[in-house]
Amino acid sequence: MLKFLLALIVFGILAGSIARMFVPKERRAPRMQFRKLFQQLAGVLLVVSLGVVVAHWFWNRPAPSELQTAGNASAAGAPSFKASDITGASFGRGFALTDHTGQKRSLADFRGKVVLLFFGYTQCPDVCPTAMQRFQETMKLLGPQAARVQVLFVTLDPERDSRELLAQYVPWFDKSFLGLSGSPDETAAVAKEFRVFYAKRKSDGALGYTLDHWAGAYAFDAAGRLRLYLPPELSAADLASDVRQLLATAG
Amino acid sequence: MKAVSLFVSLLLAAGSLAASAEAGLRVEQAWARPTPPGAKVGGVYMQIHSAGIADRLLSASSPAAAAVELHAHVIDGGVASMRALPGIDLPADAVVELKPGGLHLMLIGLKAPLKPGQKLPLKLRFAKAGAKAVVAEVGEPAANASANRTPASHAEHAGH
Chain U
279 MLKFLLALIV
289 FGILAGSIAR
299 MFVPKERRAP
309 RMQFRKLFQQ
319 LAGVLLVVSL
329 GVVVAHWFWN
339 RPAPSELQTA
349 GNASAAGAPS
359 FKASDITGAS
369 FGRGFALTDH
379 TGQKRSLADF
389 RGKVVLLFFG
399 YTQCPDVCPT
409 AMQRFQETMK
419 LLGPQAARVQ
429 VLFVTLDPER
439 DSRELLAQYV
449 PWFDKSFLGL
459 SGSPDETAAV
469 AKEFRVFYAK
479 RKSDGALGYT
489 LDHWAGAYAF
499 DAAGRLRLYL
509 PPELSAADLA
519 SDVRQLLATA
529 G
Chain B
147 MKAVSLFVSL
157 LLAAGSLAAS
167 AEAGLRVEQA
177 WARPTPPGAK
187 VGGVYMQIHS
197 AGIADRLLSA
207 SSPAAAAVEL
217 HAHVIDGGVA
227 SMRALPGIDL
237 PADAVVELKP
247 GGLHLMLIGL
257 KAPLKPGQKL
267 PLKLRFAKAG
277 AKAVVAEVGE
287 PAANASANRT
297 PASHAEHAGH
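Protein chains in written order, with the numbering used here: chain U, 279 to 529; chain B, 147 to 306.
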């Protein structure tokens, strides 16, 4: 929009100058008057351009809810990630859930490890197994460093995903992965804390319902700070690279 | 003599018609993901090559599951959702790909987890081509790596 207006202004000036050349000398307005007119026009154009610039900025200012902050507060020499750097985010401070062995868990329990937090449900045929598979591949790529990574699967479907079911499902991808669940209220609370959208979608068929849910994931560094938003299409190789950086820099 | 030649040509015509209908619709590279224990659902993917006539996949069934449904998968703005479909349209002379992140057959009520290397029998019912028996391979094909990129292009279009 801005570019268009600028082009229009430039074109206008050019066209005006060219058109002026075709007007015979006698018909042209005296120099003095032309200069005044030109000054007035320039003044108007300046005001209009400023107005356009202000409107453009106002229209396009970043929404406060945007998770993916482009050009965030990364000082020179800060690590650059393939995932979205959300260091300093004010949400996602922690959770209090029960793992699939029955033990109560909070984020603090995993201090010293990079935590990869995913939200899904076991009766999800595509997105969740794909994500879990990707985490599994990431662990393989990390080799011995995988011992310092903890993958957590939080169920958004506590009604169907019992602890026993999670105990069967989650470690199948990797023995170290932990399933986490809570009551429906606790699930809603953790989803809210992490800005995870989920909703039941009634299914006419044999399923009863499926869940629409946010398919991304989060990464915490070893100091328990929320650092990255992992989009669903992030590859295992890219994730492994980001995890290595988190492991190298965190205290 | 005339009757015989007429008969033979009719037979040939019928045969070629039948052959072209048979050669028409093809299902290729049918595969399914191995499923974790506890998961009663699984996804089946494939490529459906239609021929000269447009067709429609109406339903599917498998002895391995209580029901099979047709589903479309959408990831929009990071949110994944699934929609059951009454059918999948197959335009003439086209390939419709069922792949992770997109269209798939959903096995519901799996009788047992799908194991890598297992052969999964399916029966697909098409509006024109009728019933077709297909066997899907359980495993992760190499093509899966690129297929998983599909949500990316979809996510990039999100937000409008």
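Be a bit skeptical, because a hint or two may be false.
[As the list claims (entries may be wrong)] Listed below are the simulated DSS-like cross-link pairs for lysine-lysine, each with C-alpha atoms no more than 27 Å apart in a straight line:
| hint | chain 1 | residue 1 | chain 2 | residue 2 |
| --- | --- | --- | --- | --- |
| 1 | U | Lys480 | U | Lys382 |
| 2 | B | Lys278 | B | Lys265 |
| 3 | U | Lys314 | U | Lys360 |
| 4 | U | Lys478 | B | Lys265 |
| 5 | B | Lys257 | U | Lys478 |
| 6 | U | Lys480 | B | Lys186 |
| 7 | B | Lys278 | B | Lys186 |
| 8 | U | Lys453 | U | Lys480 |
| 9 | B | Lys269 | U | Lys453 |
| 10 | U | Lys360 | U | Lys382 |
| 11 | B | Lys261 | B | Lys274 |
| 12 | B | Lys274 | B | Lys186 |
| 13 | U | Lys480 | U | Lys470 |
| 14 | B | Lys261 | B | Lys186 |
| 15 | U | Lys418 | U | Lys453 |
| 16 | U | Lys478 | U | Lys391 |
| 17 | U | Lys480 | B | Lys265 |
| 18 | B | Lys257 | U | Lys480 |
| 19 | B | Lys278 | U | Lys453 |
| 20 | U | Lys470 | U | Lys360 |
| 21 | U | Lys453 | B | Lys186 |
| 22 | U | Lys453 | U | Lys382 |
| 23 | B | Lys278 | B | Lys257 |
| 24 | B | Lys257 | B | Lys269 |
| 25 | U | Lys480 | U | Lys391 |
| 26 | B | Lys257 | B | Lys186 |
| 27 | U | Lys418 | B | Lys261 |
[To be verified] Among the chain B residues that face chain U by a calculated CB cut under 10 Å, a handful are:
| hint | residue |
| --- | --- |
| 28 | Val150 |
| 29 | Gly170 |
| 30 | Arg172 |
| 31 | Val173 |
| 32 | Pro180 |
| 33 | Gly184 |
| 34 | Pro209 |
| 35 | Ala213 |
| 36 | Ala226 |
| 37 | Ser227 |
| 38 | Ala230 |
Just so you know, the hints here were simulated from the structure itself, not pulled from any lab data.
Note that the coordinates shown come from a computational prediction; the quantities given were computed from them, not determined experimentally.
Ideal placement from N, C-alpha and C gives every residue a C-beta, glycine not left out.
Hints broken by the structure, by number, lowest first? Failing hints, ascending: 1, 3, 4, 8, 9, 10, 11, 12, 16, 17, 19, 25, 28, 29, 30, 31 and 34.
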